[in-house]
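Asker: Chains as they are written, first to last, in the numbering used here: chain A, 79 to 186; chain B, 79 to 186; chain C, 79 to 186; chain D, 79 to 186.
The set of hints was computed from the structure by calculation and includes no laboratory data.
In this text the structure is predicted, and so the values were computed from the model without any measurement.
Yeah, the Cβ is synthetic: ideal placement off N, Cα and C, and Gly gets one too.
Please note that the accuracy of each hint is not assured.
[To be verified] Here are a few chain D residues that face chain C, going by a calculated C-beta distance under 8 Å:
(1) SER129
(2) ARG137
(3) ASN138
Protein chains: 4
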Amino acid sequence: MSHEQHKELIQSLHECAVACNHCYDACLKEEDIKMMAECIRLDRECADICSYLEHALSRNTPFVSELASVCAKICEACGNECKKHDHEHCQKCAEACFKCAEACKNVA
Amino acid sequence: MSHEQHKELIQSLHECAVACNHCYDACLKEEDIKMMAECIRLDRECADICSYLEHALSRNTPFVSELASVCAKICEACGNECKKHDHEHCQKCAEACFKCAEACKNVA
Amino acid sequence: MSHEQHKELIQSLHECAVACNHCYDACLKEEDIKMMAECIRLDRECADICSYLEHALSRNTPFVSELASVCAKICEACGNECKKHDHEHCQKCAEACFKCAEACKNVA
Amino acid sequence: MSHEQHKELIQSLHECAVACNHCYDACLKEEDIKMMAECIRLDRECADICSYLEHALSRNTPFVSELASVCAKICEACGNECKKHDHEHCQKCAEACFKCAEACKNVA
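Could you put together the complete structure from these sequences and hints?
Answerer: Written out as structure tokens, the structure reads:
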């Protein structure tokens, strides 16, 4: 049963999507929003692909490795951007992104 | 912080989406698939809207009550269809749907 | 055939989603991004729901009126924000949003 | 401007998503639904990724080639399944899938 098999990955994707969406929301409220533009953009990209893959895994998609490989790449790009910023939401998001990227690579 | 405030609802939506997607996958593998056509259709509708709302809540959407109200309605429709079928995946899905519908109504 | 029946609405949703996503991208590149924060947020909300409904209509969702009613509301909110800004991408986006809101209301 | 640059691809993705969703809906109504199970599953996979990529291109995603490469693969898998079936909706869907796969490969 795919969604059992991928239980941990589904959880990492869920946590990463939530962290990215929270970081996106928090960035939009920051005073220094100009500095956060790339972070806002990548937060959305990353939240969207994590949510997509979480959803796809739970319906037993036949395209696990292809999708996980793209997702890993997007998680890393988002984590690399987020870790540049000192805001707590960015640091937490970077952590969730790197953890999720690793989990994706394991099935890619 | 919206995603903290809605933590329980986000969890219910996540569990409902996973249950619906699993039921969808399992229905597609059933011998009596003809009987499951409406279940397959509603599983997808319900998984998609739950995943959407989970995602929207975690980015602090300004449209919580409108989206939760539609989601509650779709969860109920899916739960009502699933509970007609004896398959374990359908019974579990119905339970997740009704629980999620209640959680949605609380914020709608 | 639902996707034939709703052909014009599907087209309006498609155009609105593209306009909102383009406006989102362009806002993220503006010098005065601080002023555009709410526009960025609503562009994403509106693009996401339009894309969702377009997709749902083309698969003959049983929840046309409920979804179209939420979508109309989000399109209006996004259109109202966008029309405050003089950027061409905002003005074009506002136009697409109001046109789409009307099309949604016709089926809601 | 990304959405201008990718105008034709966005159109192919849109048409493919609509064709897949229509085929999915029609398959669920077929008498011989048992034979259509794989077609239903792949129609959803393909509609979802095409809709995702259409959306991502229109917001100027930095991950065009990675996403287009996965999308091409899913379009081909769906086209190959659909072309096995004589139903008009399957034949039309196969055609849209192969056309979209080609368009994706051009940017992958």
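Asker: Compare the structure with each hint and give your call.
Answerer: The hints, checked one at a time:
no., hint, result
1, SER129, "holds (5 Å)"
2, ARG137, "holds (4 Å)"
3, ASN138, "holds (4 Å)"
The structure agrees with every numbered hint stated previously.
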